[in-house]
Amino acid sequence: MVKLVATSPAAGLVPLRHGSVMLSEVEATHITSVAPLDGKAKSVSAALKKAIGAEFPDPNRMTGKDGARVVWTGPGQAMVLGPEVALKGAALTDQSDAWTWLVLEGTDAAAVLARLTPVDLRDSVFEVGHAARTLLFHMTATLIRTGAERWEILVFRSMAKTAVHDLEEAMRSVAAQAGR
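Sequential numbering of the sequence shown, starting at 24, is according to the numbering used here.
Calculated from the structure, these hints are not laboratory results.
Worth double-checking, as some hints may not be accurate.
[Stated by the list, open to error] 30 Å max Cα-Cα, derived DSS-like pairs, lysine-lysine:
| # | residue 1 | residue 2 |
| --- | --- | --- |
| 1 | 111 | 73 |
| 2 | 111 | 63 |
| 3 | 184 | 73 |
| 4 | 88 | 111 |
| 5 | 88 | 73 |
| 6 | 63 | 88 |
Since the model is a prediction, treat every value here as computed from it, not as a measurement.
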């Protein structure tokens, strides 16, 4: 009999450190897509605030904190990262097994990301609390700035190895350029 064993998407690939930058994976947790039904956006936002302390975010933003975050992922759509949610007035889809959730942090984290994404990452433009659906090299990703030198990156599970490879190559390049 074959026994299935759950593994994280980036198991054995991270953590990695090059220069001042560390790449790691967020441990398994719930990821739920939330799309308020027509006319229900305000009540869904209020229900999220009551349930997890984070409202439905404005475009290109996130609300909440570590352990309970709501991230804008498109018009009328967000992902709840952390707690499991049950809400009335919204289409909910469990996305927990579909994503790789990485963390890139350190003094040169923005320089690493700048090699892979077309998003303007300057502090004055992409502030802490901002989020974007964008490209990470050649794959779709959600990029979330959660700290001055901390970024969370979500890519499809099937792209975990590629994402780690691309990030590691950029990390090595930035570290070499900095002489670290």
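Against the structure, the hints:
1. 111 / 73: holds (13 Å)
2. 111 / 63: holds (9 Å)
3. 184 / 73: Violated, at about 37 Å.
4. 88 / 111: holds (23 Å)
5. 88 / 73: holds (14 Å)
6. 63 / 88: It holds: about 24 Å lies between the C-alpha atoms, which stays within 30 Å.
Violated hint for the displayed structure: number 3, the only one.
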